[in-house]
Amino acid sequence: MDFGSRELKYREADGQKVILPFTCHGVTTLQQAGERQANVRLAKTVKMTTNTLNLVRVKVDAPYGTTGVFVPKPISKRHLMMSPTAATVHEGVVRVAVLNIEGKREKLPAREVLGTWVPTDDTMQMLLLNGELEKGRVREWVSTLKKEDGEPLKNEASLDIGDMEPDERDLVIALLRQYAPIVEKKEGCPPLAKATVEH
0 MDFGSRELKY
10 READGQKVIL
20 PFTCHGVTTL
30 QQAGERQANV
40 RLAKTVKMTT
50 NTLNLVRVKV
60 DAPYGTTGVF
70 VPKPISKRHL
80 MMSPTAATVH
90 EGVVRVAVLN
100 IEGKREKLPA
110 REVLGTWVPT
120 DDTMQMLLLN
130 GELEKGRVRE
140 WVSTLKKEDG
150 EPLKNEASLD
160 IGDMEPDERD
170 LVIALLRQYA
180 PIVEKKEGCP
190 PLAKATVEH
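Going by numbering that gives the first Met the number 0, 157 is the number at position 158 of the sequence shown; the sequence numbering is gapless.
Please keep in mind that the hints were generated in silico from the structure rather than gathered at the bench. These numbers come from a predicted model, not from an experiment. Treat the hints loosely; a few may be bogus.
Pairs of lysine-lysine residues, derived as DSSO-like cross-links and limited to a Cα-Cα distance of at most 30 Å, are as follows [claimed, not checked]:
1) LYS16 / LYS153
2) LYS134 / LYS103
3) LYS106 / LYS153
4) LYS16 / LYS58
5) LYS72 / LYS103
6) LYS8 / LYS72
7) LYS103 / LYS46
8) LYS58 / LYS72
9) LYS106 / LYS72
10) LYS58 / LYS103
Work the whole structure out from these sequences, hints included.
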């Protein structure tokens, strides 16, 4: 799903490519909302030691105290791993974790674009990893979502959601039942959860 060109692209079972145009109503882009995405570059050259995790400072063109998400871009150095990071801007920089998984030292040049900074707004809620996602609290949250206990999913027994304890699997399935419209395939269209989304 490409929101830029407003097209949903997928292939039918017989291999035929399908392109469906769509429109968005009641949605503003970052530019329309007075915000913008910005490229993120290293604040200074960083030398990374073999098999280490380093917090690197990256420059962000945003006011002090702005909260946003750093989204890494694919780079040619595939042995350097970065993940999307929520952070707050301090003195024009944010800290991002970079993991060097190859057995050699690496030097990241200061001018290299590492990703994109997307500022958050008041409509977004950031979840902190401070115990809020403990099993008991998640179970309580899922119970508040319940829509008449949610209908069982089609092919629920054959869902591949990884190796889990039975009670954890039940919790994930209970959550998926609440969002059945996005995980179940509809005729002629892939499930929404499988459609690639570009923002």
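Violations among the numbered hints, reported as their numbers in ascending order: Hints 2, 3 and 4 are the ones this structure does not satisfy, whereas the remaining hints hold.
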